[in-house]
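Visitor: Starting from the known structure of chain A, arrange chain B on it as the hints suggest.
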Amino acid sequence: MSALTKLTATETRLFLREPIVVFFAVAFAPILLIILGLIPSMREPVADLGGVRMIDVYLPIVVAMGIALFALSGLSQLFASYREKGVLRRLRTTPVKPATMISAQLLMATIMSIITLIVMLAIGKAAFDVDLPGQIPGYLITYLLVALAMFAIGLLVAALAPSSRSASAVGSLVFFPLIFFAGLWLPRAAMNDTLRTISDLTPLGAGVQALQDATGGQWPQAMHLVVLLAWIIAAGALAARYFRWE
Amino acid sequence: MAIIEVNDLVKRYGEHTAVNGVSFAVEPGEIFGILGPNGAGKTTTVECIEALREPDGGAITVCGIDARGDTGELRQVLGAQLQESELPDKLRVGEAMELYSSFYRDPADWRELIETLNLTAKLNAPFGKLSGGQKQRLSIALALVGNPRVAVLDEVTTGLDPQARRDAWDLIERIRDRGVTILLVTHFMEEAERLCDRLAVIDAGRLVALDTPAGLVARVDERQRIRFRPSAPVDHRLLTALPEVTTVERAGHQLVVTGTGNVLLAVTTVLARNQVTAGDLRVDQTTLDDAFVALTGRRLLDA
Numbered sequence: 001m002s003a004l005t006k007l008t009a010t011e012t013r014l015f016l017r018e019p020i021v022v023f024f025a026v027a028f029a030p031i032l033l034i035i036l037g038l039i040p041s042m043r044e045p046v047a048d049l050g051g052v053r054m055i056d057v058y059l060p061i062v063v064a065m066g067i068a069l070f071a072l073s074g075l076s077q078l079f080a081s082y083r084e085k086g087v088l089r090r091l092r093t094t095p096v097k098p099a100t101m102i103s104a105q106l107l108m109a110t111i112m113s114i115i116t117l118i119v120m121l122a123i124g125k126a127a128f129d130v131d132l133p134g135q136i137p138g139y140l141i142t143y144l145l146v147a148l149a150m151f152a153i154g155l156l157v158a159a160l161a162p163s164s165r166s167a168s169a170v171g172s173l174v175f176f177p178l179i180f181f182a183g184l185w186l187p188r189a190a191m192n193d194t195l196r197t198i199s200d201l202t203p204l205g206a207g208v209q210a211l212q213d214a215t216g217g218q219w220p221q222a223m224h225l226v227v228l229l230a231w232i233i234a235a236g237a238l239a240a241r242y243f244r245w246e
Numbered sequence: 247m248a249i250i251e252v253n254d255l256v257k258r259y260g261e262h263t264a265v266n267g268v269s270f271a272v273e274p275g276e277i278f279g280i281l282g283p284n285g286a287g288k289t290t291t292v293e294c295i296e297a298l299r300e301p302d303g304g305a306i307t308v309c310g311i312d313a314r315g316d317t318g319e320l321r322q323v324l325g326a327q328l329q330e331s332e333l334p335d336k337l338r339v340g341e342a343m344e345l346y347s348s349f350y351r352d353p354a355d356w357r358e359l360i361e362t363l364n365l366t367a368k369l370n371a372p373f374g375k376l377s378g379g380q381k382q383r384l385s386i387a388l389a390l391v392g393n394p395r396v397a398v399l400d401e402v403t404t405g406l407d408p409q410a411r412r413d414a415w416d417l418i419e420r421i422r423d424r425g426v427t428i429l430l431v432t433h434f435m436e437e438a439e440r441l442c443d444r445l446a447v448i449d450a451g452r453l454v455a456l457d458t459p460a461g462l463v464a465r466v467d468e469r470q471r472i473r474f475r476p477s478a479p480v481d482h483r484l485l486t487a488l489p490e491v492t493t494v495e496r497a498g499h500q501l502v503v504t505g506t507g508n509v510l511l512a513v514t515t516v517l518a519r520n521q522v523t524a525g526d527l528r529v530d531q532t533t534l535d536d537a538f539v540a541l542t543g544r545r546l547l548d549a
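Going line by line, the protein sequences match chains A and B. Our numbering applies: residue 1 is where the first sequence begins, and numbers increase by one. Our numbering applies: residue 247 is where the second sequence begins, and numbers increase by one.
Just chain A, with the same shape it has in the complex (with noise of 0.2 Å):
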C-alpha cells in the first residue's frame, strides 16, 4: 500500500479512538438536527420564508456547522498536538512529504464529513420530511468546496497556533462568527442586506446559501462558489507558508 492510503487509514483508526474528538466533530451536528426537529415550530411552514419550514431552512446550516466543528475542533488541535508532542519531527525523518501527511489528514477528514452529511440527509428525510438534494452533483461540489474552505482554515489555526491548547481557543474564537454569518442564531433569510452581504463572503454564508440553492434544485450561484474557491486557495496557501514540522 502506498504511504498515503496508509497514513489516511491509520489517521481513520486513531481519529475513531478519540471518542471526546468524534462526538464533537461527527456526532455533535446530527444531534443538533435531530433536536431542532423534535421542536413542534420548527416543523411548521412559516409564512415569511415563503412557506418553507424552519428545519428546511436549518439542515443545511447544521450541515455547515459540522464541518466547521471537525475543522476547527478536531483536525487544528490534532495537528497541532501532533507537533506539539514531536510526532510530526518524527515523519519528517523519513521520506514522507510534509503534503503527503497533509493530504492524509483531509483525505480521513473528508470521508468522516461525507460520512456524517449522509447520516444528517438521511435522517432530515426519514424523521422530519426534508427534500433531499433536487441538484445532486451541484450540492455535492458544493459540499466539498465548503469542506476543503474549512478544513484549510482548521490547518492553518493550526499553522499559527503556538500550541495544541491556543489551537483550540483559536479555534473556538474563529468558529463562533463563521457559524453566525451560516446563519446559525438568525438564518439568512432574516438577516438584513448589510449582514447578509457580509455572509455572502465568509466560507459558511456562502456554503449555506449554495447547500440551499442545491436542495431547491438549482446550481448553486457562480459567486458563492468563487468566495469558496478563493477561501480554499487562500487559506490553504498561507497554511502552507506557516506549516511547521517542530
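Derived from the structure by calculation, the hints contain no laboratory data. Model, not experiment: these values are computed from the prediction. Misleading hints may appear alongside valid ones.
So the derived label-pair ranges between C-beta atoms look like this [claimed, not checked]: (1) A/T12 x B/E300: 33 to 39 Å; (2) B/Q409 x A/I35: 56 to 62 Å; (3) B/A371 x A/R244: 49 to 55 Å; (4) B/N253 x A/T12: 26 to 32 Å.
Under the rule of at most 20 Å between Cα atoms (straight-line distance), these lysine to any residue pairs were calculated in the SDA-like manner [stated by the list, open to error]: (5) A/K97 x B/N393; (6) B/K336 x A/P30; (7) A/K97 x B/K375; (8) A/K97 x B/I311; (9) B/K375 x A/R17; (10) A/K6 x B/I311.
C-beta: ideal position from N, C-alpha, C; glycine also.
Guide: Structure of chain B alone, referenced to chain A:
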C-alpha cells in the same frame, strides 16, 4: 570511501554559534561516536546530517547524497532515532511499524525487527502504555524499518536503567553486524568506550579530538595510580627515590603512589624488601574519562 562526510560544518542560532567548523568522515560498518558535554553541539551536528536543520556553512554527504539537496533520497538511506519525539498515544506498536515501513522503497521485515527488539509481546499495545525502555526500543525499530545504510542514534540509552542500557548496547552491536553504519551520540563514557570504533569529541561547537577510544586514552600521559594499605609505616623517601614514582601521598590509612612505566613492580619490590605487605592493592589506569578531562578541561557529566 567514507559513508558520511562532514566538511567544515557551521551552524548558528542567532548570535550563538552551536557548531563551528566541524569535519569528520565515518567509514562504512563503523560505530562512530560523537561524545561531548550537554550543549556542545552534538545534536545540532547530527540534525544537520539528518537534514533536519539547514547548516550555515560547510558540506555534508551521506552515501554520496548531498544533505542539502535531495532529502527524499537521503531519508531512504538514513534512519534517525531522535531525542524527545513521540507517536500518537493510541497508535499500537504493530500499526506504527506497518505504517512506517510503507514509507520506504525497500523496507525491512518489520515483524523480524520487532522480534529482534524484543517487542513482539507488545505488538498490540498502544504507544502511550509502553515503558520508557520499550518506547526507546520502538524508536530504534522505527529508525531501522526502512533498511537504512546509516542509523543515527541520539542519546539512545538516556533514561534507561542499567540492565536496559546493557541490552541496548548488545542490540546496537547486532545492528552493526547487519551491516548498518551507526552514528551514536552519547554523553556516557562507558557507552562510548564499549561500543565505538572511533570517537569524535566535541566541545563548545568544535572538534577537539578524533580517535579510537584506546587512542584517546593513550594521548593522555600514561601515568598509573596505585593505592594500597601498608601493613607497617613506610618511609615515603624509599618510594620517591624510585625513578618510576612521581608522587606519594597518604590518604587515611592508604598510600597513593602515581608513576609511569613499571611502577607497580618497583613499588612492590621495595615494600617486600622492607617486610611490608600491601593490602587492598588497586591499580587505576587512565580511562576515557581522564582523557576527556585532559582534552576539554572538565568532566563530562558535571560539565
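Visitor: None of the hints should be skipped; say for each whether it holds.
Guide: Consistency of the hints with the structure:
1. A/T12 x B/E300: 33 to 39 Å: holds, 34 Å
2. B/Q409 x A/I35: 56 to 62 Å: Check passed, 58 Å falls within 56 to 62 Å.
3. B/A371 x A/R244: 49 to 55 Å: The hint (49 to 55 Å, Cβ to Cβ) is violated, given that B/A371 and A/R244 are roughly 30 Å apart.
4. B/N253 x A/T12: 26 to 32 Å: Violated: the Cβ-Cβ distance is about 45 Å, outside 26 to 32 Å.
5. A/K97 x B/N393: holds, 19 Å
6. B/K336 x A/P30: violated, 26 Å
7. A/K97 x B/K375: violated, 28 Å
8. A/K97 x B/I311: holds, 18 Å
9. B/K375 x A/R17: Distance of about 15 Å is within 20 Å: holds.
10. A/K6 x B/I311: Since the Cα atoms of A/K6 and B/I311 sit roughly 28 Å apart, the hinted pair is violated (cutoff 20 Å).
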